Amino acid sequence: MNAAVPLHISDLTVAYHRKPVLWDVNIALPEGKLVGLVGPNGSGKSTLLKSVLGLVPRSSGRILVYGKPATRNRALVGYVPQRETVDWDFPVSALDVVVMGLYREIGWCVPVRRRQKEKALAALETVGLAEYAHRQISQLSGGQQQRVFLARALVQDARLYLMDEPFAGVDAATEQAIIALLLELRAAGRTVLVVHHDIQTVPTYFDHVVLLNMRVVAQGPTEDVFTEENLRRTYGGKLTLLSDAAEALARRGAQRG
Amino acid sequence: MQWMALDTWIVVVGALCAMSCALLGNYLVLRRMSMMGDAISHAVLPGLAAAYLLTGSRDSVTMFAGAAVVGVLTALLVQGLYRLGRLEEGAAMGVVFTSLFALGLILLRQAADHVDLDPGCVLYGAVELSPLDTIRLWGWDVPRAAIVNGATLACNALFVLLFYKELRLSSFDPALATALGINAQVMHYLLMTLVAATAVAAFESVGSILVIAMLIVPPATAYLLTRRLGVMIGLSLVLAALSALLGHLSAITVPGWFGFSDTSTAAMMAVAAGAIFSVACFAKSCYAWGRRGIERMSFSLRSVGEDVLAALYRRREAGDEAPVSAGALRAALARPGWTALALWDLARRRAVTRLPGGYALTPAGLRQAEELVRSHRLWETFLVNIAGQSPADAHGSAMRVEHVIDAAMQSELARQTGFPELDPHAKPIPRGSSSGGEP
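Protein sequence lines, in the order shown, are assigned to chains L and H.
Residues in the first sequence are numbered from 5 upward in steps of one, following my numbering.
Residues in the second sequence are numbered from 2 upward in steps of one, following my numbering.
The following block holds chain H by itself, in its conformation from the complex (with noise of 0.2 Å):
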């Protein structure tokens, strides 16, 4: 691989219109239109081309308004449809930007006699020949497309900036907003603007399918990492820029393992900030998932423990207060498994104590093995004489629910069952220490 400065120009070209398009995109997400930024892209074709006939220039500032008149025009229209059609929005959306993409199409057919606009370059770009058309800056030959990105990208920026507050607002709660002055729908349409006029500036370079893998991919990626909108805008820029790097480096690399030369880099970036997506959606699930297992094996871990001091304090209770061998102890319960493991964190939290013969109990450890006898035993008791269960079933059912009956759930139960001293098997019920007891 040779990294030349055109390199690093495309590069750098790719990453300022990526995220001139993410930074947007946030806002599009977050408002579940998604949608709307695919559609815009592609309506602004008929605008770039009616823009064209009716000129005859091609400079940037007639592209820009004729994007920005038909990026207004396909949200007024998708809104238009949506309420007096009662099409769903989605539809709508799909009607809209399908009938005027094509439309553009013919319109570019009609002026591609005489202008170099044509539809393939609208797809795709040519980014990686973006480097050569320069621009004198300062001393350095700045690509023109650089600039007019960098542009686009300092306006969004300043958007976002000086909206902050008021885009918040008016994604979040539309009626709050229009109900504290700030118009809504005002927001809504000038964010369609900036998206239109952000497509264009976008297309010359890398073409719509890029724009509309930027406006969403990003953010959306941005999205299942965070819940924080300052963070989530942030990272949607630094994983559009990343879009870009990574889809340049390997447009040069990997059609070369396979005996090819280099393929479109705009296509190879929307694929990267895809592949990035893809990650992060497989890390956060395994994430989830070893959370869910470490949560799964401290309760296993509790229980286990929890089953150690009933134990040893039904040997208490039946008057053996000699300590108690870890191997006893084993042999006591019904799930053995971990049992040392238990022990060493009863002891680490001086509920066990470890003695000369074995463990014994704690005070506290005795106060806390109470609590779990208590709730064990209430619970036979409401099996039993509320819920009609035999008292031989009651203890089964009583070792697994034991763990998760909490001090209100203990009183409830106290009260339901109306303040037993025994239980089913006639053993007496401990009084307890938070239950309060009888009223």
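So here's chain L without its partners, still in its complex pose (with noise of 0.2 Å):
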């Protein structure tokens, strides 16, 4: 397979509990660009990244990072969560979050060490929360938590970013910080796959677009493919024929089974 494709995703199918949730998917995305993987709610964004990190079960398909299996190449790949996921009760502070970004380069059952910890008050640096590294987690703002969560990616210096929502409820200086950051990170060859919700912001951020809803509705340069009719196609109506089809699968299966 091409090692120089970052991410080459090919008929993947997703379910959960039958219900099929990515369908015959197919993604390519190119080198050094940052793109926004765009859909309505429930169209499968999030479990898109969690299939390419291999935390789902998939039914089928193939993922590729820079041409080897996304599990064998897991670190090439940074990873945001959704802030919502997150227990920002658990007694951590900011430092010791970004340090987890370290952990594979720190190596198993051996503690963390003081230059992995300047690296990581490096990266808080460049979020711009160098004084609130020892703040626990639920002390910090909801634009500051976004931003200690980026910094822990930063810190992982994969190749292939893999961010849900990361503009989600955040404040216009966080914003503005994402941005930069997305920026430098092309700068510096990398590929970023970001889960975006607001269409109006889509031309003025990413480069390329992945419009999906269960499906890939359509994927290229932003220019050609963000459009009104693709966008219709994406947004409108539901996919009740395509689900229809996959649930009389499934249940065939399940009698044969």
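Everything labelled a hint here was simulated from the structure, so no lab data went into it.
These numbers come from a predicted model, not from an experiment.
Any given hint could turn out to be false.
Below, a list of computed lysine to aspartate or glutamate pairs in the DMTMM-like style, where the Cα atoms sit at most 25 Å apart [what the hints assert, rightly or not]:
hint : chain 1 : residue 1 : chain 2 : residue 2
1    : L       : LYS123    : H       : GLU167
2    : H       : LYS285    : L       : ASP91
3    : L       : LYS37     : L       : ASP228
A short list of chain H residues far from chain L (calculated; beta carbon distances all over 12 Å) [said to hold, decoys possible]:
hint : residue
4    : LEU82
5    : PHE102
6    : GLN111
7    : TRP141
8    : LEU250
9    : VAL272
10   : SER304
11   : ALA319
12   : ASP346
13   : PRO364
14   : ASN386
Glycine included, every Cβ here is placed at the ideal spot set by N, Cα and C.
Now that you have both chains on their own, put them together as the hints suggest.
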């Protein structure tokens, strides 16, 4: 397979409780681009990221990161989770969270050393949070919390970044900080796949878009793909036929099995 | 009260057992699966019974093996019911551990004819008798229970120390852990196995009631008091040991006050842990309550001080630059309480100075007063021009709101009201230093 493609997904199908969430998804991302992953609620955006990380079982399909199965090239993938999924009362400081991005580098059973702490602190500085390093994470504002997780992704020093709605519910300052960071990552030749909700800002933020609603409606450079027609196809109308067909298939499979 | 070597050993055994439970309990509490401790410590019973019935031996290795198998089985069954049966996790645990516990009781009754494994002992333990069963170790007579529980504690401590980082990550963010190649599921089952083994080690000496209590209560208390993981773990260990000591002390003294002989030490240790939790909870609420009170008081003091500054400013504006006596100031204020304290505070911050005839604004105090009066008059203007209130009502509102308007709000007010020069009462609005002014 082509080792220059950051993320190559072919024929990916994921189902929860027999209900398909992703259906025959094919995606190939170009390297060094900011890619927006856009689609309505429940269109499988987060599931797509999770399946790349190997966090959800997939019914079929193949996911390649730089030409190798995603699970074997995990070191190349950085991940920023959705803010709602984090337990903010957990006793960790901002610095602790960022250091977590370096656990692979540190290795099993070895304590965190000063060098890694310094690296994490530098990342916190990049996102403008150096003075909050020792705060427990629930004592940070929503935007600051988001930036802590960005810093964690930064120290992972990945080549492909997956971000689950980093712009959701953040203040203007954080939004600017995230944009600056994204541009910096792109300048360094990294590829970033961002789940994004706000259609208005897609053309200004992203070079490339993937429109998703259970299956890929369209993908390509923003100016070609981000059209009203494609958006209507992504957001308009429930894809009842598709999910009916998939459910019927699943039922048949169940009877046979 | 008479303290003997026996009592020391009882406390030592209780403390070792409490600490080994509390150590693992931290992770149960943090993973929001506290009930899992309850579930596993009940569910190991059939494991013990089955191990005995299968091998006919009652030695520690067999018992540990049986418990470990059932511990993992419990965790697997709970996960399975949760996934397949789409049962809520708490309900899944309830189903699994009650069934297994009951099964264990039945098996025990079968075995009871030829063995001294009895259900009562499993529940309450016999920590009082533990010092009698000793092993000679380096010339010392050490209770077997102390050795078993000490070894468990050492095992658990080793596990937590070695996998400190991995446990923290897989508890906090299983997704990232898995993405980094630390299998969160494996860590989960490892933890559950240790919980089961710890429960078995503790059973004989202290019984399952204390195990359940010590798995949860000391870590929960520590969680109330700190937001640092290392401190939380350390604190939970100290609290666990303290519960054992206090528990035994009360077990031999408290019943005496009511004319009874002593009571179950293990149960008293659990009660002590609960009491410590209540005290911590109460102390924390008191602290929060006291801090809120102090904050409210300091805000009141600041507000009165600002009212004083504004009153001095208004006199000056009216052309009266003579110093004002404290009595006259008190008369001019809407809320005259604490005026003396506020004046002392203002003088300390060099916002006012004390002159022969009374108080006067310093240059710094004047600037602060201008900001305040600017906020006040801008707010009035906003209420009258934009919100459509009458100028008479606006003053009262502005007296309260002026204390909370910060620089950003002030410039926003100025922008929305179109950078006015005069307020609704035709008084000039001070320009202010930070507000920048007009576009």
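Consistency of the hints with the structure:
1. LYS123(L) to GLU167(H): Holds, at about 19 Å.
2. LYS285(H) to ASP91(L): 22 Å, holds
3. LYS37(L) to ASP228(L): Between LYS37(L) and ASP228(L) the Cα gap is close to 15 Å, so the pair holds against 25 Å.
4. LEU82: At roughly 15 Å from the nearest Cβ of chain L, LEU82(H) sits farther out than 12 Å, so the non-interface label holds.
5. PHE102: Check passes; 30 Å lies beyond 12 Å.
6. GLN111: 39 Å, holds
7. TRP141: 33 Å, holds
8. LEU250: Since the minimum Cβ distance to chain L is about 31 Å, LEU250(H) lies beyond 12 Å and the statement holds.
9. VAL272: 27 Å, holds
10. SER304: About 26 Å separates SER304(H) from the closest Cβ of chain L, which puts it past 12 Å; holds.
11. ALA319: 43 Å, holds
12. ASP346: ASP346(H) is indeed farther than 12 Å from all Cβ atoms of chain L, at 29 Å.
13. PRO364: 32 Å, holds
14. ASN386: 28 Å, holds
Violated hints are absent here; each numbered hint is respected by the structure.
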